[in-house]
Each structure stands twice: as C-alpha cells, then as structure tokens.
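> Taking the hints into account, I'd like the entire structure generated from these sequences.
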Amino acid sequence: SSKRVWDDAESLEVIENSDIPTFFSIDPDNVDAVIGRPDRVLVLAHVKPVYANIDPLLDSEYLSYIYRGANTIYRVECDDVNTDILANPHANIVIDNVNDSI
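Residues 417 to 518, numbered by the numbering used here, are exactly what the sequence shown covers, in order.
Label-pair ranges, simulated between beta-carbon atoms:
#: 1; residue 1: S427; residue 2: P472; range: 33 to 41 angstroms
#: 2; residue 1: S434; residue 2: E477; range: 14 to 22 angstroms
#: 3; residue 1: N469; residue 2: S427; range: 29 to 37 angstroms
#: 4; residue 1: I470; residue 2: A425; range: 33 to 41 angstroms
#: 5; residue 1: P444; residue 2: I482; range: 16 to 24 angstroms
#: 6; residue 1: P472; residue 2: D424; range: 32 to 40 angstroms
#: 7; residue 1: V430; residue 2: P465; range: 18 to 26 angstroms
#: 8; residue 1: R453; residue 2: L473; range: 20 to 28 angstroms
#: 9; residue 1: R453; residue 2: E477; range: 17 to 25 angstroms
#: 10; residue 1: S476; residue 2: N433; range: 15 to 23 angstroms
#: 11; residue 1: L473; residue 2: S434; range: 19 to 27 angstroms
#: 12; residue 1: D424; residue 2: D445; range: 32 to 40 angstroms
#: 13; residue 1: D435; residue 2: P465; range: 19 to 27 angstroms
#: 14; residue 1: Y478; residue 2: E432; range: 13 to 21 angstroms
In short, the hints are calculated from the structure, not lab data. Here a beta-carbon is modelled for each residue, glycine too, at the ideal position from N, C-alpha and C.
Put into structure tokens, the structure is as follows:
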C-alpha cells in the first residue's frame with residue numbers, strides 16, 4: 417500500500433448533527449447536512465447559505481475536515497517568483513530567502 421497514491425474508494429455515511437462539534441467549530445443549527453468516510457478521516461459539511469453569508473470566516477457554504485484540521489482546499493497555479501502583493505499586486509519583486517544566508 418505504500419506505493420499507492422489513493423486508498424480504496426468507500427461510500428460516505430451521513431453523520432448526525434450532534435457530532436458536528438467533533439469536526440467543526442460551528443453551531444450545528446447552521447449546518448444542513450454532514451457526510452464522512454466511515455473512519456472519519458474526511459468529513460464534509462454544507463453550511464446554510466444564510467450563515468455562510470454572515471460569517472466572515474467562511475468563504476464557501478462547504479466545509480471539509482481532514483484528520484484533525486478543518487481545511488478549505490484550493491488549486492492554485494504557482495511559479496518560482498515571490499511577489500510582494502502589499503507593495504504592488506502587479507509587480508514581480510523577487511524576495512530573497514532569508515535562510516540562504518545561514
């Protein structure tokens with residue numbers, strides 16, 4: 417199994433709202449539904465749209481819990497150029513790695 421990238425697919429199970437605090441720091445009354453793997457390594461929740469719109473910590477109606485940490489997952493294209501977006505968001509300013517001088 418050490419050479420496998422993914423584990424075997426498993427059906428997701430419905431999780432009771434009373435178990436929500438185990439995975440997310442959100443009032444269960446603000447969640448529509450929760451599903452997860454049987455081993456609970458991955459848990460997904462759908463937050464009520466009204467709550468997602470008023471909570472500044474949420475940027476989506478969907479939450480994911482991946483083994484001891486709630487995460488939002490994005491796919492971001494990256495390059496090797498560091499940019500200081502506070503100074504000028506359109507500048508290609510290379511910032512030297514401070515650890516290189518050690």
